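Can you build the whole structure from these sequences, using the hints too?
One letter stands for each residue in the lines below.
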Amino acid sequence: MSQGRPQPVPQQPDLLTVDSLRVSFGRGIAENTVVRSISFSVRPGQCLAIVGESGSGKSVTARSLIGLAGRYANVHARQLRFGGTDLIGLSDRAWRRIRGTEIGFVLQDALVSLDPLRRIGKEVGEGLILHGAVSSREELAQRVIALLKLVGVPEPETKAEQRPHQLSGGQRQRALIASALALDPRILIADEPTTALDVTAQAHVLALLEETKTRGKALILISHDLAVVSHVADEILVMRGGEVVERGNAVQIFKDPVHPYTKQLLDAVPSGRPRGSRLSPSTIVRSPARQTQLAVQSPPKSGPILLEATSLVKRFKGPDGTLRAAVDGVSFELRSGETLGIVGESGSGKSTMARMLLALDEPDEGAVQFAGRPWTTLAERERRARRRSLSIIYQDPLGSFDPRWTVGRIISDSLSSDVETRRKRQERVIELLDLVGLSKALLDRRPLELSGGQRQRVAIARAIAPNPAVIVCDEPVSALDVSIQAQVLDLLGYLRDHLGVSYLFISHDLSVVRHISDRVIVMRRGRIVDSGATDEIFRNPQSEYTKSLIAAMPRLVRDQRIGHSATILEEGIA
Amino acid sequence: MSMFAEVAISRLLREVLAILRHVPFRIAVCLIIVGVFVLAAMAPKVLQTHDPLAIDLTSALQSPSIAHWFGTDQLGRDLYSRVVEGAGQSLAIGLGATALSMSVAITIGGAAALSGGLLDSILSRIIDVLFAIPTLLLALVFVTVFGPSVLTEVVAVGIGTAPGYARMIRGQMLSIKGAGYVEAANVLGHPFPRIVWRHILPNAMNPLTAMMTIGVGQAIIWASGLAFLGLGVAPPAPEWGALLNAGRNYIIYAWWLEIIPGLAVTAFALSLTIIGRHLQDRLEGKR
Amino acid sequence: MRSSNARPTRRFTGKSNYPARTAKATLLVLVGLSQLPSSIHAQEGVAGSVKRGGVIRYGHFQEPACLFGGWVQQWYLQRQYSDNLVARSEDGKIVPWLAESWTISDDKKIYTFEIKPNVKFTDGTSLDAQAIADNINGWLSNDPDLRNPTAAPYLSDSFESASAIAPLRLQVTLKVPFQPLLNVFAQSSQGILSPSALKRGLAVNCENPVGSGPFIVDKWRHGREVTFRRNPDYNSAPATAKHQGPAYVDGITWKFLPDQTVRYGSLITGETDAIYDIPAVAWKDANSRFPVLRHLTGGTPLRLALYTARPPFDDVLVRKAFAYSTDRRAAVDTSFLGSLPFEGNGALSQSSPEYLPELGHSYGYDVRKANQLLDQAGWTERNRNGVRVKNGNPLIVRISYSNAFLKPDGEQALQVIQQQAREAGFDVRLQPTNPADFFAGKNLGPDDYEVVLLYWVAPGAEIFRISWKPDQNGETNRFNPSRYQDLTLWDVIQKAEQELNGVQRTALYQQAERKIVDEAPVIGLTVLDVTLATKPNLKDVWLDRGSVGEPVFYDAHFDDGK
Amino acid sequence: MMGSDAVRIVVHHPIVWFARRIFSGVVVVWAAATFAFLIQCVLPGDRAQIIINVTSGNVGPASSAELAAINAKYGFDQPLAVQYGKYMLQILHGDLGESYQQHRPVAAIIAEQIGPTIVLAIAALLIAWLIAILTTLFIAGRDNIWSKLLNDAQVFLATVPPYWLATILLVLFAVKLGIFPVIGGNSPIGLVLPTLALALELSGFFGQVVQNEFTRVLEQPFVTSARARGMSDFGVRLRHVLRHAALPGITLSGWALGKLLSGAILIEVVFARQGLGGVLVAATSSRDVPIVSGAVLISAGLFVLVSLIVDLTYRVVDPRIKLT
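Each protein sequence line maps, in turn, to chains D, H, L and B. The letter at position 270 of the first sequence is residue 270 when you use my numbering, and the numbering goes up by one with no holes. The letter at position 280 of the second sequence is residue 854 when you use my numbering, and the numbering goes up by one with no holes. The letter at position 43 of the third sequence is residue 904 when you use my numbering, and the numbering goes up by one with no holes. The letter at position 87 of the fourth sequence is residue 1510 when you use my numbering, and the numbering goes up by one with no holes.
Treat the hints with care, as some may be off.
[Unchecked claim] Straight-line distance between alpha carbons at most 27 Å, and here's what the computed DSSO-like set of lysine-lysine pairs gives: (1) L:Lys1400 / B:Lys1599; (2) L:Lys1376 / L:Lys1396; (3) L:Lys970 / L:Lys912; (4) L:Lys981 / L:Lys1145; (5) B:Lys1599 / L:Lys1145; (6) L:Lys1036 / L:Lys970; (7) L:Lys1103 / L:Lys912; (8) L:Lys1103 / L:Lys1400; (9) L:Lys1060 / B:Lys1509; (10) B:Lys1599 / L:Lys1396; (11) L:Lys954 / L:Lys1036; (12) L:Lys1303 / B:Lys1496; (13) L:Lys970 / L:Lys1330; (14) L:Lys1303 / L:Lys1330; (15) L:Lys1303 / L:Lys1080; (16) L:Lys981 / L:Lys969; (17) L:Lys1230 / L:Lys954; (18) H:Lys751 / D:Lys317.
Bear in mind the hints are in silico, worked out from the structure with no lab data behind them. Bear in mind the structure is a predicted one, so any value in this text is a computation, not a measurement.
Structure representation (C-alpha cells):
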C-alpha cells in the first residue's frame, strides 16, 4: 500500500495550528530559551515529522502541544489552536479534558513509559476510566483487548494481565501506543517511538504508526533518525538549537535538501551510502609529524590471524534455574588489519562474547587464541602483560571513566609502561588527543564536563594509547546523535587505516556495521546464523533471519518509498 | 606526573573557591554553628562568661538573664558556661565513636565487598547479626560488661553504629567494584590491589565523608542518650548528656536546665546533618 | 556492710532495743488494753461521717523482685497486706496488734503473748498462736522459703524457740535477754503470713503472698503496678490505727513510677492520690499544694565516713579541718532545696531518742579554723594548684559513693563540698560508682578512698554497736568503713546495752555520741526521710513509725466534702 | 557492565527462597545466641560475687562457700564448652537463663515486658508511615514554601534527640496542659504521647527517603504518559508515584525496627512505661547480664522475622523483584 497512502485532501482544514511557538525555562536573567518561533500545522491523515539531534528542542515542542512542557516552562505562541479550541492559557482542568481524548501522546522506551508496577491492561484502560468512556468492568476489559489487538500485540488476553517487564520491547511500545489510542484521539504525537527498539520491532512500530495515519489520524512524529522518519512523514521539520532550519515536503527534502545542516544529517546516515565513504563533513586534523610516524606501521589488510575463537560456549542460570546458553558454540577468526562486524539484536549474546574475548569471563567451553598463543586459558597474571594489546571501546564511555580522573590522567593511565619519562607520556597524551581530534585544552577536564562525542573520542584515545593489535568496539556509536555518530565512525575508519589495528565491531545497527566492516557475523540466540564478506551478506543473505533483518533495516528513501512496511505490518499483527 | 599533579591542585583550589562562592545561606549558618561549637571544644575559656564549676549558692536556679544567658542550675553554676564546657567532651565522644565505627565498618564492609565469595558471605552474616541488634541495646551490652565510663561510651556507641555503616560501605564498594571504569582498568591489565587503591577506595570515600559528618552528630545523640539513662559520664563533668540527665529532674520548675542543653545538642547535630546532606547532594549532583 | 548501701530505696535493718521499761511491762499492757476500747469508740464515732469506697492510686517508685522480704521496698508493700504481732507507736511505745497483751518473765527470757481471737488469714486459715509460732520459727530456720533476712540477724544469737502453749497463747523463749525483741516484731518485714500459703513455695508467695492485713494482694503486673483489694473481714487493726474493722477504701493501685517528674506530675494532674518521695525540686510547691507527710528516719544520718587508718585522716586535726572547711549546711539547703534538714551530728540522726541537739551544729563553716588546724597538723606548704602538701604528698581526698544509690540532689551536695574544700587546700575528688561495681567492692578497698558516703537507718543509738564494734580476733567489722577503732568508746557502748535503766542508758549512749562527734571519724551531712504527698481530699493517711515509715492506707478515706 | 543483564538474572522458586531465608535466619539467631553467651563470659570480675552482692545488697567479698554454691547453681565451674552447650540446649527449650537480680527466668521477664514495647513500636511505625506518606503525597515535589518547610521539619525531626523531645512532650501536654495522662499505662490515650515521641523521629527518616524517591519518580516518563492520558496531578501522585516512592521506605522498615526498639527503651524510661526499657536499664546498671543477653537474642529473632515480612511485602508491591 506504499502507493495507497491517501493524499491529504486540500480543503480539509488544519487540525493543529502552531504559529511562532516559543518555549523558555526559568525567569529573568536565568531564562533560557529552548524553542524559538516555530510554526507548523497538521491535517488529519497527515504526518508531520520533527527531526533534530538531542538538544534541538524537538521534544519540548512536542510536550508543549499537550501542555506538559514542565512546571518551569514558559510557553508563548502567536497562535496555538487545536480544532476549535485555543490552547494558549488553557486551565489545567481544560487541558485534562483534551489530553488522551483529543490528543494522544507516545513517549520513547515503553519500559519506563508504562508504569512498571501496573498491569498492561490497567495502563491501556486508564484513559478510558479517566474520561468515563466505559460503564462496566466487562466493557473495559473488552475495549482493552480490542485495543491491544488493534496495535498487534499477540495473545492480548494474557498480555493484558502481565506487567511491562514481561513483554518484549516491541510489544511494550505497541501497548503504549494502544494506551494513547484508547480514546481514539484525532491526533497522535509520538516522541522517539522507536529509539530503544531492535530493528525488526522498530519496523513493526513504524508500520503501525503509518497504519494509524492511514486511518485518518493526524500524526506528529519526533525523531533524531531521518531514516526512521523517511517512511512515514509527509512533511518534515528539521530543528537545530531550538530553531527550524528547514521545513518542507518529505520527498522534497530527501531529494535535494537546501540547508547545509539537513545535508549533513542526510550524509551522516550510513545506510544507502557507499561503504567506507566519509560520513561527516568535519575534517580530521593531521599533524605531518604523526603522518610520517603512522605511515611506518600501516600494515597490509587481512594479514595473519590475530584473534581466533573456537566453539565458545557460555551459559547462565535462566529464570527457571536451568542453564541457558548465552553464547552457544561460536567460532570465528579475526585477521590483522580487518574489521569484523558482529550484528545481532539484544540478547543475541554478542556482548557476552565480547567479554570472553577480553577474558573478562571464562568460556564454559572452547577457547580464544590471541596472536597464535593461548589467551582465555591463561592464568590472569600471565595474561596481564599482554592485555594492553587488546583494548575496548564501550557504548557508554562515561561509565568507563573514573569520574574523579582528568582526561589527561585517564589516557596516560593506559599508555604502555615502556613510555617512561613524564614528558614523553605527556607529549604522547596530547598527541593522542590531537589524533582523535580533541584539543589539549581538555586535558584537565573531567568526564562529566565533556560532550557525548568528546567522551567517545577520549574513550577511543584511551583504547589506542597502548598501541593495541585489536580493539573491541561494543556498540560504540549507538548512544550518539547521527552527526556525532558519523564523526566517530569516520574517526574509527581513519585510525584503522593509519594505525593498522583490527576492529571487532559489535552493533545492533546493520547500516553502521555494513558501513565499517570487511566481514560480518550475524548472531541470534547465541549462535552464528550468517557470516561472510559484508557485501555478500547484504546482497544475498543466506538465513531467513538475516533476510528479515535487512528487510526491516530502515533506509533513506530518496525518491520512491520501498514499501516493505505492509508486509511487516502483517507479521506484526499476526 | 607533575603535570597532572599541578592540574589536580589547581582544580582543587578552583573547586574550593567555587564551593565557597556558592555556599547556600543555610549551609553557611550551619558551618558557623559548627565552627562555634568546635571553638568551644578547643578553647572553652574564650567563650565562657563564668567558671563552669564555680558554685554560687546565692544565685541558684535563676532563669536566663543578661548575667546568665542560659540561666543557672541548682548550685548557681552558669549553664551557658557549662554547655560550652561540655562541648569538648561531647565532641570528643562523637568523633571518637564515629572514627571507631567507621574504621570497623570500613574494615569489615570493605573486606566483604572486595573479597567476595565465602569470606564475603561470612562477613556479611556477621554484619547481619550485629545489625539485627538495636544500636542502643548493643551499647547497653557494652556498658553492662565494662561498666559506665567515657571510654565505654565511645566504644558502645562506636560498635553500636558500626553495622549500619558496614552495610552501606559494602554496598558502596560492590557497586563501584562493578563499575565500568574498574572493568576498563582490568582490561588494561592493572593488578587488582592497584585498582582497589586507585579507583575503588577513593570513589567509595566520597560518600563516606558525607556519612561521617552526619555520623558525628548521631553519635553525640546516642552518647547523650546513654548519659540520659544515667549510664554515661560521671558528674560534675558537664557533658551534654549528663546535663540533659540532670536537667530532666528540674524541668517542671527550671525548664532551661533541660531545654537549653537539648537545643545545643540538636543545633549541633542538625548543622552537621544539613552539611552532610549538602555534601551528599553535591556528590550525587556530580554523578 | 549494708550501711553503705545508701540507695534511695533504703535497705536498712531497722534495729531497736529501745528501753522496754520492763518494770512497767504490765502497765504497758494495760495501756495497750485501755487503748483498744477508746479506739473502737473512735471508730464508731467516725464511722457515720467517714465516706467509704474508692480506690487509692498510689505512686511509689522502686519495684522489688518479691512482694515480701528483707529489702525496705518490700516492707512498704508487706505493711499493706499483713499484720504484726505488736506495733510501735510514734513515741516509741510498743502497743498491741495481733497480740492483745503480753507478759515478760523476770529473767527477761520468756515472752508470753495473748493472741487476738477469731482473726483469719485472707485464705481462710485461722491466725492462732500456732500460725505465729510457725512464722517465727520459720524466720530463723535455714529453709530459704521461710528464712527472714531481717529478723534472723537480730535474733539468731538470742532466740531459742517459739511455741503455742494454748490456741491463743504464744510463748517465745530466748537463750539470753534481748531488749529489742518487740521492736523487731513490730517491723513490717516481720508481718505474719499464712503458714498454709507459705507451703506453696517462695515463687508463688512472691507473686501472691497471703496475710491477715487490711488489704489483699489482687494482682501484680510487673513493671507497672500491684493492685490490692480491701479485706472485707478485717478485724485485727493495731492499737496505733485510727479505727477498727475493714479499711474504708475499696483498694489500692500501687503504681511503680521511677521517674520523679512522672511521679510528681501524676499527682499534679490528679492521676494519683498519693505519691512517695517528693522530688527536692518540687518540695516547696508540694507543701503549698498538698498535705505532706514526712518521717525522718532514725539511726545514723547520711554522713561522710573518713578513713582513719592512714593519712591524711589518721590525724584528728585534719578530720576536723575537713569538717570546718565546707559549708555543709548551705550545701544541703541548696541541693535538697529545703526538703531535707542539715544534720551536723555525725553520730546519730535527730529522730533518734538519744539525739543531742547541741551536736547538730558542730563543725560549722569556718575556713580560717580549717586552715589553722591544717597548719597545726603540718600541712603547711601548698602546691601551685593551691593544694596543701605534707612531705611531698598532696592533700587528696577521694570521696566514694554510688551515683545510682544517691539522688542527683545528694550528688550536688558533694559537688559543693568538693568546691569549698579547695579553699582550705583539700583536693577533693569524687568517685561515683555504679551499683554493680559498688557491690563488687569497687572504690571501697583500703586504699581506694579517704571518704565514703553512707548511712544506716535504725530507731536509735543501738546502731552504735554495728558502726563501732572494733575488729576482734581477726574478724574485721565490715560495717565500719571509717576503720575508727576506739576501745574506750566500745566499752561505753557495751555498758549502755547492758544498762536496763532507760535514763542512765541514754546518758551512756550520749556519752558515746559526744565522743564520736568529737573524734570526727564521721561527719554529718543530712538525715534520710520518707516523704508522702497526698491529694487534699485523701484523709488520714499516716506513716508507720514502727519500722521505716511505710504509708498506711488502712485509715485513709476520700473526703470530698471539704 | 557488558552483558550484565544476562548475569543478573538469578530467580529462585519461592519455596527454595523461603527455605534459604529460614536457614539464614536461624544462622543469624544462632550467632546472636553465641554473642549473648560470650557477653556473659567476658563479664569482668567474678560473676558469682556480683550475683551474691546484687541480691543481698551487701558489699565486699562473700565467703568461698557462698561463691561455690552460686558457681555450682549456675554451672560457672564447668568448662566453657560445656556451659555453651548447656546454654544452647536451654535456648532450644525456650529457657534464657535466670536473672541474677530478680531470680526469675529471663524468658518470663522478657515475655511479660515485651508486649507493651512491641505495641509501642508498631504504633510508632504505623504513625511514622502515615505522617511520612500523607505529607509526601500532598506536599512533596511541589515547588512551594510548604514543601521547603516540610523538608526542614523532617530533617529536624530526624535529628532531634527523641528522649529530649519525649520529655518536653510529657511536661507540656501531660503535666502542664493535662491533655494527655502522665501515666499512660497501656490505655490507648496513654499511648499517644510515647508513640508520637517515637514516631516523629522515624517519620523524619521515612519522609526523607520517600520524598526523595517521590520527586525522582515524579519526573519519570510513565508519569508523563499518565498525565498525557489526562490524569490529574493528584491522581498521578496517588495511583502511580506513591507506590514507587513507598518501595525504599518498605525496605527501611526492617532497619526501622532496630531504631524503634532503641528509641522505645529511652521513651519508656521517660514515660515510666511498662516495657523492656525499664527492665534493660535496671539490668544494665546492676550488671544483670542474663536479661541483657536475653534481650539481644530476642531482638535478633524479631529482626529476622520482620525482615522476612518486609521482603514478602516488597515482593507483593513490586512483582519485578526477584527473591534473593
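Going through the hints against the structure:
The straight-line distance between the Cα atoms of lysine 1400 of chain L and lysine 1599 of chain B is roughly 26 Å, inside the 27 Å bound, and the hint therefore holds. For the hint linking lysine 1376 of chain L to lysine 1396 of chain L, the alpha-carbon distance of about 45 Å lies beyond 27 Å, and the restraint is violated. For the hint linking lysine 970 of chain L to lysine 912 of chain L, the alpha-carbon distance of about 46 Å lies beyond 27 Å, and the restraint is violated. With a C-alpha separation of about 44 Å, the suggested pair lysine 981 of chain L and lysine 1145 of chain L falls outside the 27 Å cut-off, and the hint is violated.
Pair hint lysine 1599 of chain B plus lysine 1145 of chain L holds up; C-alpha atoms about 18 Å apart against a cutoff of 27 Å. Restraint check: the Cα-Cα separation between lysine 1036 of chain L and lysine 970 of chain L comes to about 7 Å, which is no more than 27 Å; the hinted pair holds. Distance check on the hinted pair: lysine 1103 of chain L and lysine 912 of chain L sit about 15 Å apart at the alpha-carbon level, within 27 Å; holds. Of the supplied pair hints, the one linking lysine 1103 of chain L and lysine 1400 of chain L holds, its CA atoms being roughly 12 Å apart against a limit of 27 Å.
About 31 Å separates the Cα atoms of lysine 1060 of chain L and lysine 1509 of chain B, which puts this hinted pair outside 27 Å; it is violated. Simply put, lysine 1599 of chain B and lysine 1396 of chain L have alpha-carbon atoms about 18 Å apart, close enough for the 27 Å limit, and the pair holds. Simply put, lysine 954 of chain L and lysine 1036 of chain L have alpha-carbon atoms about 24 Å apart, close enough for the 27 Å limit, and the pair holds. The hinted pair formed by lysine 1303 of chain L and lysine 1496 of chain B meets the criterion: a straight-line CA distance of about 25 Å does not exceed 27 Å.
A distance of roughly 25 Å separates the Cα atoms of lysine 970 of chain L and lysine 1330 of chain L; the hinted pair therefore holds under the 27 Å criterion. Distance check on the hinted pair: lysine 1303 of chain L and lysine 1330 of chain L sit about 24 Å apart at the alpha-carbon level, within 27 Å; holds. Distance hint between lysine 1303 of chain L and lysine 1080 of chain L is unfulfilled; the C-alpha atoms sit about 38 Å from each other, more than 27 Å. Only pairs whose Cα atoms come within 27 Å are accepted, and lysine 981 of chain L paired with lysine 969 of chain L is rejected, the gap being roughly 30 Å.
Between lysine 1230 of chain L and lysine 954 of chain L, the direct Cα distance comes to roughly 44 Å. Violation of the 27 Å bound is thereby established for this hinted pair. Annotation: proposed proximity of lysine 751 of chain H to lysine 317 of chain D holds, straight-line Cα distance about 22 Å (limit 27 Å).
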